[in-house]
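Colleague: Let chain F serve as the given structure and place chain R on it in line with the hints.
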Amino acid sequence: MTPDREVAIVAFAQSDHLRRTDDLSEVEMVMPVLHEVLRQTGLKAADIGFTCSGSSDYLAGRAFSFTMALDGVGAWPPISESHVETDGAWALYEAWVKLLTGEADTALVYSYGKSSPGSVRDVLTRQLDPYYLAPLWPDSVALAALQAQALVDAGAADESALAAIAARSREDARANPHAQLPGARPQGEYVVQPLRTGDCPPIGDGAAAVILAAGDRARELCDRPAWIRGMDHRIEAHSLGVRDLTDSPSTRLAAERAGAFERPVDTAELHAPFSSQEVVLTRALGLDDDVRVNPSGGALAANPVMATGLVRLGEAAARIHRGESDRALAHATSGPCLQQNLVAVLEGDPRA
Amino acid sequence: MPKEPVAVVGIGQTKHVAARGDVSIAGLVREAAVRALADAELGWADIDAVVIGKAPDFFEGVMMPELYLADALGAVGKPMLRVHTAGSVGGSTALVAANLVSARVHRTVLTLAFEKQSESNAMWGLSLPVPFQQPLLAGAGGFFAPHVRAYMRRTGAPDGIGSLVAYKDRRNALKNPYAHLHEHDLTLEKVQASPMLWDPIRYSETCPSSDGACAMILTDRTGAARSPRPPAWVHGGAMRSEPTLFAGKDFVSPRAGRDCAADVYRQSGITDPRREIDAVEMYVPFSWYEPMWLENLGFAEEGEGWKLTEAGVTELDGDLPVNPSGGVLSTNPIGASGMIRFAEAALQVRGGAGEHQVDGARRALGHAYGGGAQFFSMWLVGDTPPAT
Chain F
1 MTPDREVAIV
11 AFAQSDHLRR
21 TDDLSEVEMV
31 MPVLHEVLRQ
41 TGLKAADIGF
51 TCSGSSDYLA
61 GRAFSFTMAL
71 DGVGAWPPIS
81 ESHVETDGAW
91 ALYEAWVKLL
101 TGEADTALVY
111 SYGKSSPGSV
121 RDVLTRQLDP
131 YYLAPLWPDS
141 VALAALQAQA
151 LVDAGAADES
161 ALAAIAARSR
171 EDARANPHAQ
181 LPGARPQGEY
191 VVQPLRTGDC
201 PPIGDGAAAV
211 ILAAGDRARE
221 LCDRPAWIRG
231 MDHRIEAHSL
241 GVRDLTDSPS
251 TRLAAERAGA
261 FERPVDTAEL
271 HAPFSSQEVV
281 LTRALGLDDD
291 VRVNPSGGAL
301 AANPVMATGL
311 VRLGEAAARI
321 HRGESDRALA
331 HATSGPCLQQ
341 NLVAVLEGDP
351 RA
Chain R
1 MPKEPVAVVG
11 IGQTKHVAAR
21 GDVSIAGLVR
31 EAAVRALADA
41 ELGWADIDAV
51 VIGKAPDFFE
61 GVMMPELYLA
71 DALGAVGKPM
81 LRVHTAGSVG
91 GSTALVAANL
101 VSARVHRTVL
111 TLAFEKQSES
121 NAMWGLSLPV
131 PFQQPLLAGA
141 GGFFAPHVRA
151 YMRRTGAPDG
161 IGSLVAYKDR
171 RNALKNPYAH
181 LHEHDLTLEK
191 VQASPMLWDP
201 IRYSETCPSS
211 DGACAMILTD
221 RTGAARSPRP
231 PAWVHGGAMR
241 SEPTLFAGKD
251 FVSPRAGRDC
261 AADVYRQSGI
271 TDPRREIDAV
281 EMYVPFSWYE
291 PMWLENLGFA
301 EEGEGWKLTE
311 AGVTELDGDL
321 PVNPSGGVLS
331 TNPIGASGMI
341 RFAEAALQVR
351 GGAGEHQVDG
361 ARRALGHAYG
371 GGAQFFSMWL
381 VGDTPPAT
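Going down the list, the sequences are from chains F and R. Everything in the first sequence is counted per the working numbering, starting at 1 for the first residue and increasing by one. Everything in the second sequence is counted per the working numbering, starting at 1 for the first residue and increasing by one.
Please keep in mind that the hints were generated in silico from the structure rather than gathered at the bench. Do not rely on the hints blindly, as some may be mistaken.
A short, non-exhaustive set of chain R residues, derived as facing chain F with CB atoms under 7 Å [stated by the list, open to error]: (1) P56; (2) M63; (3) A70; (4) H84; (5) L186; (6) L188; (7) K190; (8) V252.
Computed list of lysine-lysine pairs in DSSO-like fashion (alpha-carbon distance at most 30 Å, straight line) [to be verified]: (9) R:K3 x R:K175; (10) F:K44 x R:K15; (11) R:K15 x R:K175; (12) R:K249 x F:K44; (13) R:K190 x R:K175; (14) R:K15 x R:K190.
Ideal Cβ placement from N, Cα and C applies to all residues, glycine included.
So that you can see chain F by itself, here it is in the shape it has in the complex (with noise of 0.2 Å):
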């Protein structure tokens, strides 16, 4: 859909990310990258409109685990704010639709999440069909290696080519300083067949920030605001049985409803935590090698759950403000297996 109102990423920052943080609690990880949004728009926390946050209880091992985030955001006097039990990105979401309703100007939104103290690997099996299929403790990368494999049969990858992509995502990585694994990596052995060690992400924590802005605030706040020209996010199936693991037409279809196919992308961030998840989904976009896909190395570079498709947004919005961008596509997922995909078109104003 094409939005009533301009609105814009209008600054982006994000921890560096790392395989523990036992010195840190989920607030300590989240205030330094709060306070350098607020620092990037010399905004303050009561300037703020709307606030918006996506965590999960899950991978904090406890009930009503944002409540305590909220207290790095300086929640007094009382602020306008919602959670949303999934990665920032539909967080982002739902600020953006409240900055569409004119009710705020300025939205913050966060998103934080630390795999080190548990076994992500298992935690994840707990958000499967909890009576046919949680039982059975499918873990993320067993899944993911069979959509890989479904890949690999229909002859739209191999080893050779998922390695690629983990060695470019890697390279691409050493720019990066907050990427958790910059430069090269040996694909090691099978972790789970046909996936190897560097085809899947690192575990790991981490934080992002993000504010919002509408219109000329946008203006005022950035020198070159990454306009949103189109959000969308649409659903699939949860059986893994009833879906073509091969495509994704939930992202095929919020891509078109965000407008990414009016005119070609030049810079595509796709949250695609498995190397084999890439070539699903630039097959799904129908990118072709003029677009720069995952610049900031992505999921496979720094891989913080729950914040690692609010880290795409990012990245892609801060390349248009520093001007290496003039219309990206950012990408996350959510679910097995690319079960929830969200797409946004991003563009920076004409250079002068």
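Modeller: Below, chain R alone, put in the same frame as chain F:
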């Protein structure tokens, strides 16, 4: 461009009970959704997006259950958004859905909230282990009882007010076929004689644990014009949050609640809530929260809320009926409880509340709160479209 007015044209609830052993989580939510669609005389194809809410995932032991529920709620190929704002979530979820319509992102949205408490034990789900919290509390009652005691001390309210609230709400529930507790032989004396759980809160002054779901269909002006039954119109809606604990926090009357109500009244053009609002569905999980919220929401002066309760003003036939549905004290599928408040407020102005209908209700407030009395969501609905 002004916001699109939002109408509630379909409402569906399950019969709330202690344990729905006959249905899965998917079966439970679908039952409410199908009833809301039937009420609106719409089909799944008429729904553009689904917004779903529930309280912590640990309550059923399913992480992000919306993923698994996409099929049951007809969301495949559509946007599905999951909201979680603690106990206020049912209200917040409805407001997020309403924003999709008012921003003209979508025309017709299904919003739904649920809890299937029988699949786990919410009390221990809420009692956080070390290192997150000192092992001092057992469930929500342990957290809120001291704040009730502070209210009593601050206002000088007599001991029996809580029992009056509980007795009223449980009797109202007898008129609501969807309410969980139907205690036909309850007397005020039985409430007063029930065991003390968290002093001063007695067993009969505490919400039950319920399995249940509530769904609403929200739509724009065009959708409302096609509605087979009178719509309820959203006149104002707001959320406010404040930190859990900080020096100077007023647990008796949190500022986030007062600010949230003030915002809703401003949007709705309400200047005298006591006179201009005809019915209130407020989130009262422990009896004493009725007088406390009467003050917090501006229906009574500070220290005077208990007098309204004592005088019978909040009875179904009083001049400010509070929780005609029986409220959270009679039905508590936690994640859905806020949405039930919002939906029951809408039922009142649609004239569809049946035996617990407040005569002539034209404007009603739905209210929810959660966390450590820190998250608030409210909406005000009316029987006519909002002035734009």
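Colleague: For every hint, state whether the structure bears it out.
Modeller: Results for each hint:
| no. | hint | in the structure |
| --- | --- | --- |
| 1 | P56 | holds, 4 Å |
| 2 | M63 | holds, 4 Å |
| 3 | A70 | holds, 5 Å |
| 4 | H84 | holds, 4 Å |
| 5 | L186 | violated, 32 Å |
| 6 | L188 | violated, 35 Å |
| 7 | K190 | violated, 33 Å |
| 8 | V252 | violated, 15 Å |
| 9 | R:K3 x R:K175 | violated, 37 Å |
| 10 | F:K44 x R:K15 | violated, 47 Å |
| 11 | R:K15 x R:K175 | holds, 13 Å |
| 12 | R:K249 x F:K44 | holds, 22 Å |
| 13 | R:K190 x R:K175 | holds, 20 Å |
| 14 | R:K15 x R:K190 | holds, 25 Å |
In this structure, the earlier hints numbered 5, 6, 7, 8, 9, 10 are contradicted, and the remaining ones agree with it.
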